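Peer 1: Spelled out from the first residue to the last, the chains are:
Number of protein chains: 2
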Amino acid sequence: MKFGRFEINGKIFYGIVENDHVHELDNSFLYENKKTGVKLNLEQVKILPPVIPNKMLALAKNYSSHLQGESPPRQPEPFFKTTSSLIGHNDKINLPDDSERIDAESELVLVIGKKAKNVQSKDAFEYIFGYTCGNDVSARDWQKGDKSWWRAKSSDTFSPIGPFIVNEINPENLEITGVINGEIVQKCNTSEMIWSIPKTIEFISKYVTLEVGDCIFTGTSGTAGQIKSGDEVIVEIENVGKLINNCS
Amino acid sequence: MKFGRFEINGKIFYGIVENDHVHELDNSFLYENKKTGVKLNLEQVKILPPVIPNKMLALAKNYSSHLQGESPPRQPEPFFKTTSSLIGHNDKINLPDDSERIDAESELVLVIGKKAKNVQSKDAFEYIFGYTCGNDVSARDWQKGDKSWWRAKSSDTFSPIGPFIVNEINPENLEITGVINGEIVQKCNTSEMIWSIPKTIEFISKYVTLEVGDCIFTGTSGTAGQIKSGDEVIVEIENVGKLINNCS
Chain A
1 MKFGRFEING KIFYGIVEND HVHELDNSFL YENKKTGVKL NLEQVKILPP VIPNKMLALA
61 KNYSSHLQGE SPPRQPEPFF KTTSSLIGHN DKINLPDDSE RIDAESELVL VIGKKAKNVQ
121 SKDAFEYIFG YTCGNDVSAR DWQKGDKSWW RAKSSDTFSP IGPFIVNEIN PENLEITGVI
181 NGEIVQKCNT SEMIWSIPKT IEFISKYVTL EVGDCIFTGT SGTAGQIKSG DEVIVEIENV
241 GKLINNCS
Chain B
1 MKFGRFEING KIFYGIVEND HVHELDNSFL YENKKTGVKL NLEQVKILPP VIPNKMLALA
61 KNYSSHLQGE SPPRQPEPFF KTTSSLIGHN DKINLPDDSE RIDAESELVL VIGKKAKNVQ
121 SKDAFEYIFG YTCGNDVSAR DWQKGDKSWW RAKSSDTFSP IGPFIVNEIN PENLEITGVI
181 NGEIVQKCNT SEMIWSIPKT IEFISKYVTL EVGDCIFTGT SGTAGQIKSG DEVIVEIENV
241 GKLINNCS
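Keeping their order, the protein sequence lines are chains A and B.
Residue numbering for the first sequence follows my numbering, starting at 1 and increasing by one per position.
Residue numbering for the second sequence follows my numbering, starting at 1 and increasing by one per position.
These aren't lab readings, by the way, just hints derived from the structure by calculation.
Wrong hints could be hidden among the right ones.
If several chains are the same, the list does not tell them apart, and a pair holds so long as it fits within one copy or across any two.
[To be verified] Only pairs whose alpha carbons sit at most 20 Å apart, straight line, appear in this in silico SDA-like list of lysine to any residue: (1) K228 to P72; (2) K199 to D123; (3) K117 to D98; (4) K46 to D26; (5) K199 to E211; (6) K92 to L67; (7) K147 to S205; (8) K144 to F203; (9) K144 to E70; (10) K206 to Y127; (11) K187 to E172; (12) K144 to P72; (13) K92 to D231; (14) K228 to S248; (15) K92 to I47; (16) K199 to P96; (17) K61 to D146; (18) K11 to N27; (19) K61 to Q143; (20) K34 to N167; (21) K61 to G145.
Note that the coordinates shown come from a computational prediction; the quantities given were computed from them, not determined experimentally.
Extracted from the complex, chain A is given alone in its bound form (with noise of 0.2 Å):
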């Protein structure tokens, strides 16, 4: 199922997609819920972020082409990504001038759905409500002359995410695609990574509590492309769907 948040005339509510249709959940998708009963084409609402999580974590490091020689992490090694840089499908990512070179990263996201604290890695995917596709946006500058990653991975919509939550799909096998203004710069599979959603659920649970709606996003391939201030940048994951954002 697929399932999202969206605005009409200032209202925001949470629905189920089927097709180029919305119907409207009284509550949201990650508790218990039930349809309204209105159905209101795609096209009439404005599609919001799927989810508002309490935390968002980031893999550094979870796909081979992605090391650039360096030897893989002994363990999985996330970094925070704030709230406040979320935005949603069709939501404009502003590069700060004083940045000079940002990046789009493709990933797959996982969001949670139970409270997940000591989780052994067999059971990990009871504790995932969907999958959605992410963009990592980083400013490389920052990321290598600060001492830790705040701004070059969370400047104000630096996490667009979106744009719907899909489950009841393997997450462990889906290619991932980066394009930018039409040209494909990034290709990978999610079973190319490092380190397992099981086993970073497992590892991160251990030392922090991990909430209903928080979101992880598993990492990035390759080289990651440039982005500047006109481009139209799109992450599209096999039966996940397609998040596109325009830059300024």
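Start from chain A and add chain B according to the hints.
Peer 2: Then chain B, alone, in the frame of chain A:
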């Protein structure tokens, strides 16, 4: 004035503290509110973290005495602490048994009162609601060995704040004392900060929007004290309060 968040018989409420009493408010003190008329003795209620922020930042290297010979940073050096690590006064700090060295860091924490984006330093104090005590609990081995400081600074229970938030004080000349098991291990004055509070808000808000309730830990001085299971750790700040936590 002095503000807090409390629990009594499972009910959570915000209040204004006067001497040993708390006056219940009908809403968070961060928003429009009024007294309900209910007045409780502080001993009757559980003190909760005074605020639930959307995000927390902390400053690395903001006191010369903590630099250990390194040159002072050319700009503020924030990092994120995640909100799932938040605890309040008298709550237990759980020390993970697979870290070899965990320290307590005594810090002044500021609480944002008004959404802040592109704030100039001369206006910065308008965006601050008040101040509280914070302990930036830090696992030193993970701080050195991991790519980011996610679990080093944000493992569950690693962010005690409280007991209350005070306003109407000058935050730029306050004695901070860190005490472990009755022994003073840290002593400094907020006047020794390398990057002032206004400059810090200007810099952060240029990139990352600060939201109502967000917290900024303003850095620690000298050499922080190691904490072990069974220890009592106190962060005391002149005119702000005394935050006490035990370690397990």
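Peer 1: So, for every hint listed, does it hold in this structure?
Peer 2: Status of each hint after checking the structure:
{"no.": "1", "hint": "K228 to P72", "verdict": "neither (30 Å within a copy, 33 Å between copies)"}
{"no.": "2", "hint": "K199 to D123", "verdict": "within (10 Å within a copy, 46 Å between copies)"}
{"no.": "3", "hint": "K117 to D98", "verdict": "between (39 Å within a copy, 16 Å between copies)"}
{"no.": "4", "hint": "K46 to D26", "verdict": "within (18 Å within a copy, 34 Å between copies)"}
{"no.": "5", "hint": "K199 to E211", "verdict": "within (17 Å within a copy, 33 Å between copies)"}
{"no.": "6", "hint": "K92 to L67", "verdict": "neither (29 Å within a copy, 39 Å between copies)"}
{"no.": "7", "hint": "K147 to S205", "verdict": "between (25 Å within a copy, 17 Å between copies)"}
{"no.": "8", "hint": "K144 to F203", "verdict": "between (26 Å within a copy, 18 Å between copies)"}
{"no.": "9", "hint": "K144 to E70", "verdict": "both (15 Å within a copy, 18 Å between copies)"}
{"no.": "10", "hint": "K206 to Y127", "verdict": "within (14 Å within a copy, 36 Å between copies)"}
{"no.": "11", "hint": "K187 to E172", "verdict": "within (15 Å within a copy, 52 Å between copies)"}
{"no.": "12", "hint": "K144 to P72", "verdict": "both (19 Å within a copy, 17 Å between copies)"}
{"no.": "13", "hint": "K92 to D231", "verdict": "within (10 Å within a copy, 49 Å between copies)"}
{"no.": "14", "hint": "K228 to S248", "verdict": "within (7 Å within a copy, 50 Å between copies)"}
{"no.": "15", "hint": "K92 to I47", "verdict": "within (13 Å within a copy, 42 Å between copies)"}
{"no.": "16", "hint": "K199 to P96", "verdict": "between (35 Å within a copy, 19 Å between copies)"}
{"no.": "17", "hint": "K61 to D146", "verdict": "both (18 Å within a copy, 12 Å between copies)"}
{"no.": "18", "hint": "K11 to N27", "verdict": "within (13 Å within a copy, 24 Å between copies)"}
{"no.": "19", "hint": "K61 to Q143", "verdict": "both (14 Å within a copy, 18 Å between copies)"}
{"no.": "20", "hint": "K34 to N167", "verdict": "within (17 Å within a copy, 45 Å between copies)"}
{"no.": "21", "hint": "K61 to G145", "verdict": "both (18 Å within a copy, 15 Å between copies)"}
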